[in-house]
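Q: Given next are the chains, with one letter for each unit.
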Amino acid sequence: MTLASPPSSVVSTRILDRTEVARDVILLGIEAPELVEKVRPGHFAMALLPGGQAAGVALGIYEARGERCSLLFFIAGDRTRRLGALRVGEMLDIVAPLGNGFDCGGKARDIAIVAGGVGIASVLLPAQAFLARGARVRLFYGARTAERLVEAERFATEGCDLSIATDDGSRGHHGVVTELLAREPAPEAILACGPTPMLRAVSAYAQERNVPAQLSLEEAFGCGVGGCWGCVVPIIGSSAQAPSFPPSDADGSDVVHARVCVEGPVFWAHELRW
Amino acid sequence: MVDPSGFDVSARIGSLVLPYPTVGLSGCYGSGAEFAPYVDLSRVGAVVLKSVTRRPRMGNPTPRIVHTPAGMLNAIGLQNPGIDWYLQHDVAKFAQTPCATIGSVAGFSVDDYAYVCERLAARSEIAAIELNISCPNVAHEGETFACDPNLTARVVRAARATTEKPIIAKLSPNVTDIGTIARAAVEAGADALAVVNTVRGMAIDIYRRKPRLGNVTGGLSGAAIRPIALLAVYEVARAVSVPIVGQGGIETASDAIEFLLAGASAVGIGTANFADPRAPMTILDGILAYMAQQNVRSLRDIVGTANAGFANSSQFEGDEG
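Sequences listed follow chains A and B, in order. If you're matching positions, the first sequence starts at 98 in this note's numbering and goes up one per residue. If you're matching positions, the second sequence starts at -8 in this note's numbering and goes up one per residue.
Hints listed in this document are in silico derivations from the structure and should not be mistaken for laboratory results. Some hints could be false.
Unchecked claim - Computed beta-carbon distance windows for the label pairs:
#: 1; chain 1: A; residue 1: 175; chain 2: B; residue 2: 205; range: 16 to 24 Å
#: 2; chain 1: B; residue 1: 61; chain 2: A; residue 2: 259; range: 40 to 48 Å
#: 3; chain 1: B; residue 1: 114; chain 2: A; residue 2: 186; range: 19 to 27 Å
#: 4; chain 1: B; residue 1: -3; chain 2: A; residue 2: 229; range: 53 to 61 Å
Said to hold, decoys possible - To be clear about the criterion: a stretch of chain A counts as covered by chain B if any three or more of its residues have a C-beta under 8 Å from a C-beta of chain B, and this derived list gives those stretches:
#: 5; region: 144 to 157
#: 6; region: 218 to 229
#: 7; region: 269 to 280
#: 8; region: 326 to 332
Predicted model, so just to flag it, every value in this text is computed and none were measured. C-beta atoms are modelled at their ideal positions from N, C-alpha and C, and glycine is treated no differently.
Can you make the complete structure from the sequences, with help from the hints?
A: Below, the structure is given as structure tokens:
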């Protein structure tokens, strides 16, 4: 993506609502009117843990409307457990908006959005953007089990066509979500967010069918603002996304390590060299 | 040099006087500009840039970061564009940062350090040079230059011969006697010491049954290493009389003051920026509040005061203020 990152800041927000949408899956509504104006689909936030002592947690911004944004996350370790323990009325500082976001322009009228697990948190805003301009949005949503398949109905209500897969077959297709995608007529454009194996499969599919695909990558972050080079991904150095990158190695290769937090998190599938 | 609040919080690193004692650490703080939206960089003492090497480096494969209890492991692997590209494209931007910019040099031979140091130090945008002789993530079997007093001395001496600018040697905690290494660095001409780099460590994914870091091993930082780093500062302050930039898990003003009392003249802030990018501001404000409460007008008056064997009592004499 070549979209410029917006100016970010530390935003002090108040927790408006907290819903455990499934076991260990938390939806936190936060009061952040100034953020709503700046957020674009695919942006993320670094949620600063109350009391510090651990790096912030990078979270996709799930909703942004009126004065409220929301963050949807799975409790997967100590840091997300601390975030999940926040209660309504408490304060949460976040650094946002961060990252380049999805490009929701273009003329495509038939969009496939592929989401795996907590990747669902980053795809509601782009789905809404495409639906708002009259495009058809098909959501291919995969999770480990039916219990982990959160917010699917929300996407249906928004107007998405739903295709569901679970690893254990407890709901929808018994298998991985990219098998469902391959079974259907090819879309004009793909957006995807989820675990790396899923993104690799989406990327392979997109290149085989010659469909432009934007992938929002998952990587362990340090700072989240471009200062530590912890969250890199190999991409071609002459890509639009990394136009000013230096040669990355002495071997003359055209592959560079771009930062997922600044040059991404959204990358064109055909520019990745992973 | 006195803060508008009336307190002198300046720190001296050789001939370089920092108006504030807080330093954004190499590899954690970009060029400083990445953090400009969240902090007032004119109230940060200095930024130490990410290390640069003779040739470009792609760095290590991912994952490069693993979060661990009270800290994190990193294994970036000195990704950098190499000194040629760096001088041509990056260095001029550093002049725009409203605080001192300290260059960081890494290498794989004594000659590498001298070569890169000479070229980088020649630039007016660079106020001082830190020699990163202690990066655990490119080392052979964990051995770095900073694990050996002779190698430490050879690197420092070679770099010293190339520049008059202050040289800071960054020491490793992964040694038996850090005082010996510190003495070797100072005898070879280091103006100051950065104490300490990360502590070697690793983490294993029990379901994949594989190390979590792409590089297998990494450097541990954050609160988990603070007592280790504090002791290292304490021991180095007894061994040598040059200024120390204390670093390793400093998150709060209280942490920073502990390092000052142990003998550090300035404090480095690294991983704490990831927990809250405003950390250098809150730490400075906390230090000023402590000084007001303790009736300390000049921060240097407390440096080393918790260290009975502090070797450093004369280092601040002179007319710099």
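Q: Please go over all the hints and tell whether each is borne out by the structure.
A: Now for the hints, and whether the structure bears them out:
no.: 1; hint: A:175 - B:205: 16 to 24 Å; result: holds, 22 Å
no.: 2; hint: B:61 - A:259: 40 to 48 Å; result: holds, 42 Å
no.: 3; hint: B:114 - A:186: 19 to 27 Å; result: violated, 52 Å
no.: 4; hint: B:-3 - A:229: 53 to 61 Å; result: holds, 56 Å
no.: 5; hint: 144 to 157; result: holds (count 7)
no.: 6; hint: 218 to 229; result: violated (count 0)
no.: 7; hint: 269 to 280; result: violated (count 0)
no.: 8; hint: 326 to 332; result: holds (count 5)
Against the hints set out earlier in the document, violations occur for numbers 3, 6, 7.
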